[in-house]
Amino acid sequence: MFSINHILEPKTLKEAILYYDENPKLKVIAGGTDVLIHLHHGKLEDVELLSLRKINHLDEVKLQEDGTIVIGAMTTFSTLFRDKIINQYISILAEASVSMGGPQIRNIATIGGNICNGAVSADSAPSLFTLNAILRLESKKGVRMIPIQDFYEGPGKVKLLQGEILTHILITEDNYHEMKGKYIKFSNRKAMDIAMLSVAVTGQVEDEVFKDLRIALGVSAPVPVRCSKAEDYAVGKECSEETIKKIGELALSNARPRNSWRGSKPYRQHLINVLTQRAIKEIVFKGGGKDDEKN
Amino acid sequence: MKEKVIGNRASRLDAVSKVTGKAKYTDDFFEREMLVGKVLRSPHAHALIKHIDVSKAKSLEGVEAVITHEDLPKIKFATAGHPWSLDPNHRDVADRLILTDKARYVGDSIAAVVATDHLTAEKAIKLIEVEYEVLPHVLDAEEAIKPDAPTIHDEKKDNIISSFGQAFGDIEQDFQQADYIMEGVYETSIVQHCHLENHTAYAYKDTDGRIVIVTSTQIPHIVRRVVSQALGLSWGKVRVIKPYIGGGFGNKQDVVIEPLTAAMTLSVNGKPVRYQLSREECFIGTRTRHAIKFYMKTALSKDNRLKAIHIKAFSNNGAYASHGHSIIMSASSKFRPLYHFNSVKVEPKTVYTNLPTAGAMRAYGVPQICFALESHLDDICKKLKLNPIEFRKRNLISLGHVDPLSKIKVRSFGIPECIQKGKELIKWDEKKKSYENQTGEKRRGLGMACFSYFSGTHPVGLELAGARIVMNQDGSIQLQVGATEIGQGSDTAFAQMAAEVLGISMDMVRVISTQDTDIAPFDTGAYASRQTYVSGAAVKKAALEVKDKVLKIASRKTGLKVEDLDIVDKQIVEKDLGTPLCSLEEIAMLSYYDRIHAEPIKSDTSENIRTNAVAYGVTFAEVLVDMVTGKIEVLEIYNVHDSGTIINPSLAEGQVHGGVSMALGYALSEKLMFDEKTGRPLNHNLLDYKLQTILDTPKIGVGFVETYEPTGSFGQKSIGENPAISPAPAIRNAVLDATGVQFNKLPMNPQAVFEKFKDEGLL
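Line by line, the protein sequences are chains A and B.
The first sequence begins at 52 in the numbering used here and counts up by one.
The second sequence begins at -7 in the numbering used here and counts up by one.
Simulated from the structure, these hints should not be mistaken for laboratory data.
In this text, all values refer to a predicted model and were calculated from it rather than measured experimentally.
Any given hint might turn out to be false.
[Said to hold, decoys possible] Calculated lysine-lysine pairs in the DSSO-like style (CA-CA distance at most 27 Å, straight line):
(1) A:K316 / B:K42
(2) A:K337 / B:K623
(3) B:K289 / B:K138
(4) B:K750 / A:K241
(5) B:K66 / B:K94
(6) B:K623 / A:K297
(7) B:K737 / A:K241
(8) B:K42 / B:K118
(9) A:K135 / A:K94
(10) B:K434 / A:K241
(11) A:K316 / B:K623
(12) B:K434 / A:K231
(13) B:K66 / A:K94
The following block holds chain A by itself, in its conformation from the complex (with noise of 0.2 Å):
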């Protein structure tokens, strides 16, 4: 039993829009699986919640004519992982949603969602960090875009203003193209966990020469994190094992890991540094380099 006082479920965006601009109290609700646990833990009481699960054509992966591919928050996981769109031009987003809970989450549970949640250790983060996903966000006001590196404000903290409902995911075409990913995710289990800590590369490989090299990071700060710092370091330079070491080292430059019983400060840095060497030499391989780094 669940402290739901009411429930409203809208047929189109423009109605939910108009609910949620009339009642600022509302709950977004999407797949339910962040929702309903804070419910059942007794953190939410009383709630009057919007769903947007009746929402026609928020939950399909698009690919532009100019190449941008645009997910639609409502988006299951599962579907994110089979959907052949992600997995032709940016598997790094599938390998990420595949690692997210169980089939019975990952079926219910929403990209959208996942990201406006604002967890720290939410798996679509790092993977849309290093994509430079932009996201598009709908209020009566109208619509904004923003980099999804300037949304997220604090653990469980996302910057949606008042009235605000995220609909689209995007990613442009540059920002995929040629690219090979990577997302590692370091968890107790191998389903239906959290990470640990987590690690997104996504790059380009020409010549044996890092041309281009985005590092994320999850549960390492109170926000997910891109490694400039080591990015910065990366592009132009070789990819031997010395350059790579030295990334995974500065890769902890843009982090501030927590202690917790979850996990240690101390382990979470040394796993920042030796998972981030780790994707980035199975992009290496992935990319057409040296293929006796696997392993």
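Given the coordinates of chain A, work out where chain B should sit on it, guided by the hints.
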């Protein structure tokens, strides 16, 4: 041809009803206008309750009752699922009230609400005002016995529940004469059963004024006794019904929620009340497995023989006694009939702390001591550069061994063959060679561990079991047992036994799976892996009695002597010739309708088993250790068991799969964590408590070495708990083999491995 039923892969009797969702569990039963019970739990690890104000909660609409310790009888009772002892010195510690008058751990039950629905009950809980005087708390067993530690129960000022130990031989002399003395400290963590179905029950008063409790339990007859004792009622005033249950693993071999459920219905004049625990409540408000710290010291001779072992153990029992000292006593008895020692001395202390109560959990103290002993043996081998398999084989006891203290005699002994079989299954010699001198980021290793275990609790506990059979007109039977089916498959095994004795097919045996204390035969329940061995003997006795009655009628009909007759494939046959004389159905019809001799065939028997049978087994494991991240992966694992005759290989394999799976978590990831400063649980949910998933589980290899146990009714010994015992030390020893690092503390989760690797200078 006589078809053998024992040893067949008969399908579970409840398979279809369970997979189709038709099997009814406690929560599938409903009464009209059922009320909901909820409990207010202590936020403090240790606190006096100065005052409780329930007035606001009581006045909330929809609240029917609010109760505290002041509303209930001031009777302290014991909760452990043991048979009652007529000897007052042999009883469990009675240290509980239904609702406590002092908070002894975070989660202790302070007050209860009965309301029309769940949300109202939750709201009412928040309206109860409790004034606490917070006391200092203690979480560690060794800390709790220091003189300045806070006293948790006034009856035990020093927090020691018991320090009764076991010893034989001249240990001082053996240590004096030893060529080597080896020492090691080993520690296990607090884990939980995590049965799928949380504790749940409902209760009401029937028209005779008796309390009826439907509950998810392993021990219905004991629940009846304990509820009666807790409420000060005559035992016949309580009726307990146990339908299908979604797992117990020892956590329901304890009377956890039933006394309060009964008190709840009494508070609303007998209206039905359901009390279910959430997963979070189940983690802290039921039972856990004791964390035990062992200080092991072993004497050896220079020909590598074990001479003496001295074990000091500190068993963290949490806030209430529950099974208490029985756990460490079980541990210190059951490891003995495996390796030969001249002398053994176990000095245990079972200690109260301000943590959730530890109780029975699959293999009852033995996974803990097996981890300590088998890790210790490998540490000895490492130091003395010995082959761990040869060292163990050299020190095994032999058939006919009699334990000097328990007097239990080893009458079947398959462990040498188990070791051989396990070694071959994992290709030990071949792999050992190829894994020498590894230097890479990922390293492989092999390890093994042996165990011994009992079948039931004799001679410590009473081992009484009841079975009843009624034969129908067509020769089929109803079999009723007091022993409970809790998923282990005992009903099916019993049906096979009855079918075997009576010469009928499995589809002619209907086992009444529900135990209702009004009508079920007396049996103390499912625990101690006693079922096939102890209750199986009662089933055989009942079946033999029925068979004898059938043959007597057949004898009267045919003129042949009873001893010349047999039942084979539903036919009465002449034993020597095998020729059919008449059908079993004809005899059954006579028993119902013969105008002169009609007397339906039935039996109603009990067996009091006064023997024990030692079962054995071994685990072989291969691991892959990531030297960089600290992650350990089990690549292969084999459990080989000597459990005597295997009644049903499919069910026995199922037990092994489940037990090994539990032990994988014990070894690698499971640990219930608490905040040192507050005593609050940190990870009491299935996300943060790292129970292994199917993707974490390697293919589990199973082998049996079938010995014949002469005291088993069909040659059988225990199998239920056994598979959970030896995997953890086998995995630990495999990690030792792969890395050279001794992990002396469970679990070996990535964080712990990282820290240990750091300490060892590997990172």
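Structure-based check of each hint:
1. A:K316 / B:K42: violated, 41 Å
2. A:K337 / B:K623: Since the Cα atoms of K337 of chain A and K623 of chain B sit roughly 24 Å apart, the hinted pair holds (cutoff 27 Å).
3. B:K289 / B:K138: holds, 23 Å
4. B:K750 / A:K241: Between K750 of chain B and K241 of chain A the Cα gap is close to 24 Å, so the pair holds against 27 Å.
5. B:K66 / B:K94: This hinted pair holds, its Cα atoms lying about 13 Å apart.
6. B:K623 / A:K297: holds, 23 Å
7. B:K737 / A:K241: Holds, at roughly 23 Å.
8. B:K42 / B:K118: holds, 18 Å
9. A:K135 / A:K94: Outside the cut-off at roughly 38 Å; violated.
10. B:K434 / A:K241: holds, 18 Å
11. A:K316 / B:K623: Given that 27 Å is the threshold and the Cα spacing comes to 17 Å, the pair holds.
12. B:K434 / A:K231: holds, 25 Å
13. B:K66 / A:K94: Status violated; Cα separation ~36 Å.
Checked against the numbered hints given earlier, this structure breaks hints 1, 9, 13; the rest are met.
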